[in-house]
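J.: Sequence lines, in order, name chains L and W. Using UniProt numbering, the final residue of the first sequence is 301, and nothing's skipped along the way. Using UniProt numbering, the final residue of the second sequence is 301, and nothing's skipped along the way.
Incorrect hints may have been included.
What the hints assert, rightly or not - The calculated DSS-like cross-link candidates involving lysine-lysine, where the alpha carbons are at most 27 Å apart (straight line), are:
#1 W:10 / L:97
#2 W:111 / W:125
#3 L:97 / W:111
#4 W:168 / L:3
#5 W:3 / L:111
As the list claims (entries may be wrong) - Using C-beta positions, here's what the derived DEER-type ranges look like:
#6 L:86 / W:3: 41 to 49 Å
#7 W:242 / L:125: 50 to 58 Å
#8 L:161 / W:161: 53 to 61 Å
#9 W:285 / L:3: 40 to 48 Å
#10 L:278 / W:67: 41 to 49 Å
#11 L:164 / W:51: 48 to 56 Å
#12 W:221 / L:161: 38 to 46 Å
These are calculated hints, taken from the structure and not from any lab test. Source: prediction; values computed, not measured. For every residue, glycine included, the Cβ atom is placed at its ideal position computed from N, Cα and C.
Protein chains: 2
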Amino acid sequence: MAKIQVFGHKNPDTDTVASAMGAADLLAQQGLETQAVAQGKPNAETQFALDHFGLEALPVIDKAETEEVVLVDHNEAAQSVDNLADVQVYGIYDHHKFSFENATPLYITAKPWGSVSTILYFEYKQAGLTIPAKVAGMLASGLISDTLLLKSPTTTDVDRQALPELAKIAGIDDLEAYGLAMLKAGTDLSTRTDEELLEGDAKSFTMGSHEFRIGQVNTVDIDDVLARQAGLEEAIKAAGYEDFLFVITDILNSNSKGLYIGDAPEAIEAAFGQKLTNNVIDLPGVVSRKKQVVPPLQGQF
Amino acid sequence: MAKIQVFGHKNPDTDTVASAMGAADLLAQQGLETQAVAQGKPNAETQFALDHFGLEALPVIDKAETEEVVLVDHNEAAQSVDNLADVQVYGIYDHHKFSFENATPLYITAKPWGSVSTILYFEYKQAGLTIPAKVAGMLASGLISDTLLLKSPTTTDVDRQALPELAKIAGIDDLEAYGLAMLKAGTDLSTRTDEELLEGDAKSFTMGSHEFRIGQVNTVDIDDVLARQAGLEEAIKAAGYEDFLFVITDILNSNSKGLYIGDAPEAIEAAFGQKLTNNVIDLPGVVSRKKQVVPPLQGQF
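Whole structure, please, built from the sequences with the hints as guidance.
T.: In structure tokens form, the structure reads like this:
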């Protein structure tokens, strides 16, 4: 058994799987015994990337099985394994806000960049180590996933520098074509129920006296999702939320529409400078909940 | 006014002052407007280093005066400025255990190495930037201070690699002579009261049902300190501690003696395999409270 398991957050996405693979390989090249694992099965987008590069899915764990661990793409205990408090954190690679506490000095590399895959690319580079082609392919995929092919406003100059260099190492000839195919693979929503669509990525936010729940889904055809509007509205009402904004994002054209059910329609319209029509509002140019949805809403309360 | 103030912990020591200077310069070379400041005046050891390299003491602040800040040599709010919650942490350079929480992604470079000065040396190196000679002198001093001239068990291989390279840049010809002179400058205890000696560096530890307070002082002559034994014992008793172990460390010979007042003398003797005589116990080879005093004591409770 390896001495150090390396894993990302619960509900693993492509950046979490890619950065677990990257960090495990990087640290192994530096002499540690590591094993990349995941807190769940790959989603459809990640599976597409794994298949493309001929890789197996990571072994699934529900608790850490080694005395020392490395966390990637998360640092908060709530997103980590349940027995985190019983093991020692050797290191962390992350790009999120921080809420971390431990009892011994450790390695942390955190940067406010578009993906953890980007951070790992530069860690390999600084250490003068070679990235295996398949690992580079997964890191490119993680970077594409978190930045929506460099179109999300979370994208930084270092992400734009890293992606073509990773693609070259991975032998991805047409980056745009690969990236869109991968993102599209993650958007087959037909097999998911209305509740699953709404809750898959939903987070709660307190704004003034309002409790907002904001979900988001990526698609290549917004109308496909809106064809299910009646069922989605019913599911929101059945769940009993005070305010629910469901952001449907067109990853090809970097636009969104919002489906809103709640008692503050004027605030929604003022936040985005658009009118609600049949509970739907245009959100032109919006792709990032964190940067383009939450701040204007907060400004209204 | 600079846009980003850079500072270390309260009761600044040489590594905190040196790493504030180093981080401020490194980030300025990378295009940020920074200002190194400190949460207090330099101690005698740090003043020796500043004088040696012809540097002024850092401006003293009691709260952060810029919207963004960089923390060095600490990450816990209790050791930082009182208005930390009102400003944004741009980045952290640290080598301690972690207890940090914030609301936005940030830069963190943490390593379990002997000093933050060591971390900054390698940050300059990785970025391909030149360390100004005076900054290198302070970083060498911070490294010497935290590792007791590479003799503390907290010393790592990277510290051993960094120190001679920093000394070369700083133009320190005789590293041993400079280091001992600097450490000695910090050991003039004659101007400090018994209470100041005991409490200057004391920390509390819960061990089983016992509340241990452990202080430590560096000296070049243990007998000089023990000449004040009667006054020190009186001060411990007056403060009402259940168990107080005062570790007096000879930095020239890397040995210590412990003055113990409390109700668990057998545990003290068993922890260190030595006998207490007139409340004093030999601690041969002990220089690190964190690595050589706390763990054997904890093993007894």
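J.: When the hints from earlier in the document are held up against this structure, which numbers fail?
T.: 4, 8, 9, 12
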